[in-house]
Amino acid sequence: MEEKKLKTIIVGPAFPLRGGIANFNEALCRAMNEAKIETSIFSFSLQYPNFLFPGKTQFDNGKPPSDIKIETCINSINPFNWIAVAKKIKKEKPDLVIIRYWLPFMGPCLGTIAKLIGKNIKIIAITDNVIPHEKRMGDSLFTKYFVNKCDGFIAMSESVLNDLSQFTSNNKKLFLPHPIYNIFGEKIEKQEAQNYLKLSHDDNYLLFFGFIRKYKGLDLLLEAMADERIKALNIKLIVAGEYYETADPYLKIMENNNLQNKVILKTEYIKSEDVKYYFCASDIIVQPYRTATQSGVTQIAYHFDKPMIVTNVGGLPEIVPNNKVGYVTNTDSKSIANAIVNFYEEKKERSFIENVQKEKKRFQWDSFVNGLIDLYKSL
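Counting with this note's numbering, you get residues 1 to 379 for the letters of the sequence shown.
No lab work stands behind these hints: they were computed from the structure.
The beta-carbon is built from N, C-alpha and C at its ideal position, and this holds for glycine as well.
Wrong hints could be hidden among the right ones.
Subject to a maximum C-alpha distance of 30 Å in a straight line, what follows is the list of computed DSSO-like cross-link-like pairs (lysine-lysine) [claimed, not checked]:
| hint | residue 1 | residue 2 |
| --- | --- | --- |
| 1 | Lys236 | Lys334 |
| 2 | Lys198 | Lys172 |
| 3 | Lys144 | Lys90 |
| 4 | Lys262 | Lys252 |
| 5 | Lys36 | Lys119 |
| 6 | Lys135 | Lys91 |
| 7 | Lys347 | Lys360 |
| 8 | Lys190 | Lys262 |
| 9 | Lys7 | Lys90 |
| 10 | Lys361 | Lys36 |
| 11 | Lys93 | Lys135 |
| 12 | Lys7 | Lys173 |
Derived DEER-like restraints, expressed as beta-carbon distance ranges [as the list claims (entries may be wrong)]:
| hint | residue 1 | residue 2 | range |
| --- | --- | --- | --- |
| 13 | Gly371 | Asp67 | 22 to 32 Å |
| 14 | Pro317 | Arg136 | 35 to 45 Å |
| 15 | His201 | Cys73 | 10 to 20 Å |
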């Protein structure tokens, strides 16, 4: 007798919403369908009210994915909508609902949907953060409300897995590393990427990629760029990502240290089809974060075979073995500068790239899907 096909619904952001979590959900949906698990996404019609969103727009103006089913229906601030969405999910009769949880603001909405789905449907939360980078009143209350409605948990860093114990005694939790993003096209030659971005082939390039907030530590990297040793190495920093706060502190560091000609600012949302050019044009990717859990940026770097410099916070050292695929530094500008100088003076690029190509094998989507299904079967 043929085994019943598992049916799954992912609850979380997806196209036309943009960003790393939407990208992940679409990639996970695709990977599960490829594994013969019938999967679709229930996404948000209203994710954040505009006054709560720090960027310019929440929406991607590219083409919608044609190979996955996305239902745009969740309103994060309307309780009547939560009831309707839960009914719609129950009507689909899934065996498993996977809910993405990344912000306490979403706790009431996602927790209520999980509660109303009922006991016959298993619920696994993929928890990006349970303790947010930027704390607000009500965070713990909202997270506890959500967490208590779930049957099992996946964390993509050991630090988040440990944080979960502050909110639940449930031991049905699993660490699975963030898989590699494979949605931004294949890598291209460095020279071709630099030509596309109109960059000189005579310079060396670092890349800071992603939205800009204080916890991302761009100020530390700019201060590292002021190091006289780096100035002597013909290095330029590309900053590719949108400001989610005022630009003034960063521009002031640049002005005070005469970095205007050493920093290339592309401070806007980078379209998916352009991501490959920024990574492939660069020698090494720098993530000078003050706090972190896991990071999609590291997995884009792995996809494009790029070495990395990360700080010793959250799950980053688990993903980037020190002095093998890059460097793990302290969260200060001197340590970051030392790593940059060592990379160029010791000519580490080639050996790091070879190690990246070996290391990336442990971050495959089929491993993530298999781990998720094993957790489901244990519930």
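Hints violated by the structure (numbers, ascending): Going through the list in order, the structure violates hints 2, 6, 11, 14, 15 and respects the others.
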